[in-house]
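J.: Use these hints to put chain A onto chain W, whose structure you have.
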Amino acid sequence: MSRHVIRPVLNGSETEVAVEARTTLAEMLRTELGLTGTKVSCQAQICGSCTVLVDGRPVSSCTYLGVDTDGREVTTIEGIGTDDELDVVQQAFVDAGAIQCGYCTPGFVLAVKALLARNPDPSMEQAKHFLDGNICRCTGYEQILTAVLAAARKIQQGTNTPEVTA
Amino acid sequence: MTIPAFDYQLAAGLEEALQALAEGATPIHGGTELLPAMELGLLAPERVVSLRAIPELRRCERDGDLLVLGAGLTHDDVATSPLVADHAPVLAEVANDVGNIRVRCTGTLGGNLAFAEPRSDVATVLLALGAGVRLAGVDGEREVPMREFVLGAYETDLRPGELIVAVLVPRQPGTAVYRKVVFSERPVVGVALAETGQGWRLVIGAVAMTPEILEVRRLDEIDPRAIAESLDVLADLGGSEEYKTHLTAVTIGRCVAAAGRQDP
Numbered sequence: 001m002s003r004h005v006i007r008p009v010l011n012g013s014e015t016e017v018a019v020e021a022r023t024t025l026a027e028m029l030r031t032e033l034g035l036t037g038t039k040v041s042c043q044a045q046i047c048g049s050c051t052v053l054v055d056g057r058p059v060s061s062c063t064y065l066g067v068d069t070d071g072r073e074v075t076t077i078e079g080i081g082t083d084d085e086l087d088v089v090q091q092a093f094v095d096a097g098a099i100q101c102g103y104c105t106p107g108f109v110l111a112v113k114a115l116l117a118r119n120p121d122p123s124m125e126q127a128k129h130f131l132d133g134n135i136c137r138c139t140g141y142e143q144i145l146t147a148v149l150a151a152a153r154k155i156q157q158g159t160n161t162p163e164v165t166a
Numbered sequence: 001m002t003i004p005a006f007d008y009q010l011a012a013g014l015e016e017a018l019q020a021l022a023e024g025a026t027p028i029h030g031g032t033e034l035l036p037a038m039e040l041g042l043l044a045p046e047r048v049v050s051l052r053a054i055p056e057l058r059r060c061e062r063d064g065d066l067l068v069l070g071a072g073l074t075h076d077d078v079a080t081s082p083l084v085a086d087h088a089p090v091l092a093e094v095a096n097d098v099g100n101i102r103v104r105c106t107g108t109l110g111g112n113l114a115f116a117e118p119r120s121d122v123a124t125v126l127l128a129l130g131a132g133v134r135l136a137g138v139d140g141e142r143e144v145p146m147r148e149f150v151l152g153a154y155e156t157d158l159r160p161g162e163l164i165v166a167v168l169v170p171r172q173p174g175t176a177v178y179r180k181v182v183f184s185e186r187p188v189v190g191v192a193l194a195e196t197g198q199g200w201r202l203v204i205g206a207v208a209m210t211p212e213i214l215e216v217r218r219l220d221e222i223d224p225r226a227i228a229e230s231l232d233v234l235a236d237l238g239g240s241e242e243y244k245t246h247l248t249a250v251t252i253g254r255c256v257a258a259a260g261r262q263d264p
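Top line first, the protein sequences correspond to chains W and A.
Mapping of the first sequence onto this note's numbering: position 68 corresponds to residue 68, and the numbering continues sequentially without gaps.
Mapping of the second sequence onto this note's numbering: position 4 corresponds to residue 4, and the numbering continues sequentially without gaps.
It should be emphasised that the hints constitute simulated quantities derived from the structure, not laboratory data.
Please read all numbers here as calculations on a predicted model, not as lab measurements.
No residue lacks a Cβ here, since even glycine has one placed at the ideal position from N, Cα and C.
Certain hints may be false.
Claimed, not checked - Here are some of the chain W residues that sit facing chain A, going by a computed Cβ distance under 7 Å: (1) Met1; (2) Ser2; (3) Arg22; (4) Gln45; (5) Ile46; (6) Arg57; (7) Pro58; (8) Val59; (9) Ser60; (10) Thr63; (11) Gly133; (12) Ile135; (13) Cys138.
Chain W on its own, in the form it takes in the complex:
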């Protein structure tokens, strides 16, 4: 019934979009804004494939109202890396073979971004705990966890290595 014009900051850009109150964030992204990198699967907050970040926190976009992102920062997989250069987390997934069918991957990458923003040096147990609500039916998780720890190391090295000057 009610329809709202909202202004989220979507992947760093101020965006205006009109949504019905009942439109989920996943529907808003995929249908209204054409951002189909967000994948919907269980629609019950269990699988994690639709994970996006709202103000840096992971949410299930299938079970979140689009209207509730008014004035907030929304990050989707389209906001991670560029066409020319993958984000360190994406590259770590490629390097570790952490992607097979790929359907869960956008959700995993965003969850890992949220994990590393909060805890830049997670233990294996901490990584497992943070990611235990993201389901992958292909890889068996080993490669994904390898990728997470590798991405963390790479980010640490990047910040800890002094710049070489001539």
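T.: Using the frame of chain W, we list chain A on its own:
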């Protein structure tokens, strides 16, 4: 699955929210319980009022011996709060293991308790700690102990137009532990055991329609098997009655062992 159409209002303050509730609106905060129920067609409110912009629902402060937790705090807020970790560490620990990280980052304390899903980890541990809830409506506020607030599965003492505004948590007086068996987002059985000053309070959640609360003087009075067999255990997707009764006995036993290890 599509959510039925409704009118949405973002309340700027508590007064506006309570007025909307008095007029029959349904409150939403994280939506982790309400939206799935709407997607399944179990609920179809015509008017929904969002509580997410109300600062006082996000309070987290001491008031004498009580910790006052705003009902709009997410499980993740509770899990990461230094104040909660100091005041009632078992609550922080339980909050850190609710559902999954997305549920913890969106689902709120108040939403969890108002929905009164029998498999709530949070309700079980709050019962063990002797916590209460503060309810508000257009006509004023009242406080209700958790054990009187939970009336049944999905049934609470909330009256029409009332909202949980805060959860009141006494300081954890000594040892308190929570153990659960979980295969998916919600526990098959969740057991909390807390020192009370006079003895121990044992709360068994998730297996029956309502949590079972038992008071004992000493840990060795607890007979896990006899207690599990005395409960009205419900068979569901988590397992048969026999299986869940067994898990309940084992989980009570684990709580007693863990409490015995922590208690000097």
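J.: Of all the hints numbered above, which does this structure not satisfy? Sort the numbers upward.
T.: 12, 13
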